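Peer 1: From just these sequences and the hints, can you work out the full model?
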Amino acid sequence: MHSAFDPHSPQARAVAHLWWSMFAVGGVIWIAVIVAMLIAIARRGDVDFGGRKRGLTIFVAGTGIVLATFLAYDFAVGHDLAKRGAPTLTIGVTGHQWWWEIEYEDLRPSQRMVTANEIHVPTGQLIEFKLRAADVIHSFWAPNLNGKRDLIPGYASSQWFQADTPGVYRGQCAEFCGLQHAKMAFLVVAQTPTDYLAWRTASAAPHTPPADSIAATGLKVFLSSGCPLCHTIAGTDARGTVGPSLSHLASRQTLAAGTLLNTRANLMGWIVNPQALKPGVHMPAIPLKPAELNAVVTYLETLK
Amino acid sequence: MTLPADVIEREALELDRVWSDRQGFWGWLTTTDHKSIGKRYVATAFLMFVAGGIEAALMRAQLARPGNTLIGPDRYNQLFTTHGTTMMFLFAVPIMTAMGLYFVPLMVGARTVAFPRLNAFGYWTYFVGVVFLYVSLFANTAPDVGWFAYPPLSGPEYSPGHRVDVWAQVVTFTEIAALVAAVNIIVTTFKMRAPGMSLNRIPLFVWAQLVVAFMIVFAMPAVATGSTLMLAADRAITMHWFNPAEGGDVLLWQHVFWFFGHPEVYIIFLPAMGFITPIIETFTGRPVFGYTALVLSNITTAFFAFGLWVHHMFATPIPEVGQSLFTAASMVIAIPTGVQIFCWIATLWGSKPRLTVPLLFVLGFLFTFVNGGITGVMLASVAFDKQAHDTFFVVAHLHYVLLGGGVMPLFGALYFWFPKVTGRRLNETLGKWHFWLFLIGVNLTFFPMHILGLNGMPRRVYTYLAETGWGTLNLVATIGAVTIATSVIIFLIDVVMSLRGGELAGDNPWNSSGLEWATASPPPSFTFLHTPFVTGRHPLWDVKDGLPVVTGLSTRERQVLVTTTVDALPDYRHSMPSASIWPVYLALCMGVVFIGSIFSPYFVLGGLGISLLGLLGWGWSGVGERQEERVALPDGAVKVL
Chain A
2 MHSAFDPHSP
12 QARAVAHLWW
22 SMFAVGGVIW
32 IAVIVAMLIA
42 IARRGDVDFG
52 GRKRGLTIFV
62 AGTGIVLATF
72 LAYDFAVGHD
82 LAKRGAPTLT
92 IGVTGHQWWW
102 EIEYEDLRPS
112 QRMVTANEIH
122 VPTGQLIEFK
132 LRAADVIHSF
142 WAPNLNGKRD
152 LIPGYASSQW
162 FQADTPGVYR
172 GQCAEFCGLQ
182 HAKMAFLVVA
192 QTPTDYLAWR
202 TASAAPHTPP
212 ADSIAATGLK
222 VFLSSGCPLC
232 HTIAGTDARG
242 TVGPSLSHLA
252 SRQTLAAGTL
262 LNTRANLMGW
272 IVNPQALKPG
282 VHMPAIPLKP
292 AELNAVVTYL
302 ETLK
Chain B
249 MTLPADVIER
259 EALELDRVWS
269 DRQGFWGWLT
279 TTDHKSIGKR
289 YVATAFLMFV
299 AGGIEAALMR
309 AQLARPGNTL
319 IGPDRYNQLF
329 TTHGTTMMFL
339 FAVPIMTAMG
349 LYFVPLMVGA
359 RTVAFPRLNA
369 FGYWTYFVGV
379 VFLYVSLFAN
389 TAPDVGWFAY
399 PPLSGPEYSP
409 GHRVDVWAQV
419 VTFTEIAALV
429 AAVNIIVTTF
439 KMRAPGMSLN
449 RIPLFVWAQL
459 VVAFMIVFAM
469 PAVATGSTLM
479 LAADRAITMH
489 WFNPAEGGDV
499 LLWQHVFWFF
509 GHPEVYIIFL
519 PAMGFITPII
529 ETFTGRPVFG
539 YTALVLSNIT
549 TAFFAFGLWV
559 HHMFATPIPE
569 VGQSLFTAAS
579 MVIAIPTGVQ
589 IFCWIATLWG
599 SKPRLTVPLL
609 FVLGFLFTFV
619 NGGITGVMLA
629 SVAFDKQAHD
639 TFFVVAHLHY
649 VLLGGGVMPL
659 FGALYFWFPK
669 VTGRRLNETL
679 GKWHFWLFLI
689 GVNLTFFPMH
699 ILGLNGMPRR
709 VYTYLAETGW
719 GTLNLVATIG
729 AVTIATSVII
739 FLIDVVMSLR
749 GGELAGDNPW
759 NSSGLEWATA
769 SPPPSFTFLH
779 TPFVTGRHPL
789 WDVKDGLPVV
799 TGLSTRERQV
809 LVTTTVDALP
819 DYRHSMPSAS
829 IWPVYLALCM
839 GVVFIGSIFS
849 PYFVLGGLGI
859 SLLGLLGWGW
869 SGVGERQEER
879 VALPDGAVKV
889 L
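Line by line, the protein sequences give chains A and B.
Numbering-wise, the first sequence is residues 2 to 305 according to the numbering used here.
Numbering-wise, the second sequence is residues 249 to 889 according to the numbering used here.
For the record, the hints were derived by calculation from the structure and aren't laboratory data.
Don't take each hint at face value.
Said to hold, decoys possible - The calculated label-pair distances, taken between Cβ atoms and stated as ranges, are:
| # | chain 1 | residue 1 | chain 2 | residue 2 | range |
| --- | --- | --- | --- | --- | --- |
| 1 | B | 323 | A | 264 | 27 to 35 Å |
| 2 | A | 35 | B | 254 | 52 to 60 Å |
| 3 | A | 221 | B | 323 | 39 to 47 Å |
Said to hold, decoys possible - Computed list of chain A residues with no C-beta within reach of chain B, every gap over 10 Å:
| # | residue |
| --- | --- |
| 4 | 108 |
| 5 | 126 |
| 6 | 173 |
| 7 | 229 |
In this text the structure is predicted, and so the values were computed from the model without any measurement.
A virtual CB, placed ideally from N, CA and C, is assigned to each residue, including glycine.
Peer 2: As structure tokens, this is what we get:
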């Protein structure tokens, strides 16, 4: 589920059509050149010079026509991609070394919401992404949905798409951004508007203090270890902004920007030794006793 | 009238005494013979091709399967940066200009290049850059931010330490070397052509070198300014050119870099086009079709090459209307390239050529390069580029263009001119193995990358997850890389064996038409006993009974004939400088300045101070002398040897 060949939005489809047309014409030209070359070396016989001169004129004119057609087609597609109505939803995407900060804008402060590495969108609606970079240049790219757009410090840029069908589409940073450029992925989860609203409501829901005693211990350990220096869990005293927000972490499918599936074992491994899984990541190893680790993970798993 | 044999023998002895270098290491070190320098330039640059290839092979080994742990991200990033920097700055551009520095004088009938000492200085400066980068690689301080070094990642905040400084200064060394070579090729072509070689008779190899030399003069200062004055200054003395927090602009770097970076591709590609024409002419036995069209294609390509750079930046927030101009230019440049391919196929048409190894590589070029050219036109489209940009699709495209359009013609040229340079031929059977394995290897390695890129695989990733499904095609690409490595090893074995015991070539083993074949193989120290007199575009085919020559140059000093720019009429005689240690000394001073600047600005002052001594020594010792009395071209001066 990660390919420009498999478009799931009008934007990606327009580009895929352009690609297949260029591929067909380009393929024919390539084969024609190879065939001409093979005929050229296989036959003996002299061709008159005037014929070759005429051939050159025809060749230049033909090349010009093919290129002009490509150009017109490209401009038409570019025009369609740039032309768009007002987006129904605006999502802020900030690139960090090496994760994605996702912010759902809303006029009501209580509905404003920050998450990470997983973008839920409703199908059939135009979504605009406001792109910013927190440190170095990154590039936002979900090939099934639209082309890429760079996130550049000092510049505001945007990208948009309209997902047709529900599904999970993978995206990945496309501009080299340092040690862990390879492990800076994200998921776009396209949902029917009803499902999306349900997710949105659940994700904006306030933090409920854990009922379970182990989980309650976990929250204490979380707040008293190094975690809150970097991470936020909305509704708690953890308000760090260096690393990704962990609010509703348990509802996400992956950990560490698409590096690991979000399972209990992976979460434990990640907390204990992130450097082994993503060397160079800015998260240090957190030295926790086994019981503490168990409690923290139990707590994090309650953050649905 | 023919000169008596004893006169010829005496003149050759006298000339050899004047032009040859001293024996031993000192003579080797101080030589200003463009042939010696050209040979070591090509050899060093080819060594860099092997080094860059080893880096590529390591990367392919790491990517052969998902989640591989052979090479970690830190080492991998150094490897891909060093691979790109080596291939672009230390292999491709130097080897193309080095071919020019060796062959342009031979092809225009001159005894040396216009500035022999500058030529030596250029090589040694380049050599210091080579040593610097590779010492850094083994000291674990090789650059790790890509060969394009985009700030802010390459800036002081996100790349502390000296790795990026190494990159910035390696670039500076190679820029100086390239500019020096360009100036030499321009003046040699304009002022040192054999009498009769008017502009419309210049061999296409030389035209390509001339056009590229002008491109270097315009392109290289952009990146030299960017890397040395801006990036290095940002890092060393916090200039904030690229720091948005202080009013700097990170996109400025991309403009400066690609204003150089795109012409760079054609700086590699056009000399290769210059190799192709003589190979096709030789093995079809006929003059190329469309000489004028080919020259004009070279010049048009050079112009358009400077108007394409933004197509490397289509994903940045540059307005659509601005981008569309660069789309149009990127597509139009396909026309002059297409014209060249048409002219070559039209020349081959109906010729039943001799399918020797050099010609096979030219056919391999057509097969591979046309593919890369077509994907290049696709990438000119902004809409499509936003999908393909910075993915393996672009990796595939650029390797089809550079291996197909640069390295294949280069291999053809090495087989073609090896006999001239060494006096011995390369082995045809091993050459055919080399060719077929290389052709298969290149396509096996890079064709799958088109699909990988559109399947979402970004460039410059040290690993990928198994779930992405990229494993199989990556494994195929790695098998292809092994095939390429095998073919290059066969070539190296061939070179070593042929140097020791290859078939003796004679002056003109292929029955070719250029002036370089009019002298012995390898050429003597003075190259030509007498300056040839040119009556057409194919000197050795135009005359059936011996090449007419001009006499009257001194045999007691290093004298050359300077001719007029357009018509190549004899203008005056000029004495060339002797061998000298000062070019080597000055190149080392440049090393002190640029390498030292990484650690302290005082090295810049000190290095410039000690280089003053070098300039004095250079200027004082054995410089050339212009002899004002004009030589006419009387009937008696043209003699049939």
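Peer 1: Now, for every hint given, state plainly whether the structure supports it.
Peer 2: Against the structure, the hints come out as follows:
1. Remark: the range hint 27 to 35 Å for residue 323 (chain B) to residue 264 (chain A) is upheld by a beta-carbon distance near 30 Å.
2. Restraint check, residue 35 (chain A) to residue 254 (chain B): a C-beta distance of roughly 57 Å satisfies the suggested window 52 to 60 Å.
3. Restraint check, residue 221 (chain A) to residue 323 (chain B): a C-beta distance of roughly 41 Å satisfies the suggested window 39 to 47 Å.
4. With a cut of 10 Å on Cβ distances, residue 108 (chain A) stays outside the contact zone with chain B, its closest approach being about 26 Å.
5. Every CB of chain B lies more than 10 Å from the CB of residue 126 (chain A), the least distance being 21 Å, so the non-interface label holds.
6. With a least CB separation of 6 Å from chain B, residue 173 (chain A) falls inside the 10 Å interface cut-off, contrary to its annotation.
7. Taking the minimum C-beta to C-beta distance to chain B, about 25 Å, the non-interface status of residue 229 (chain A) holds against the 10 Å cut.
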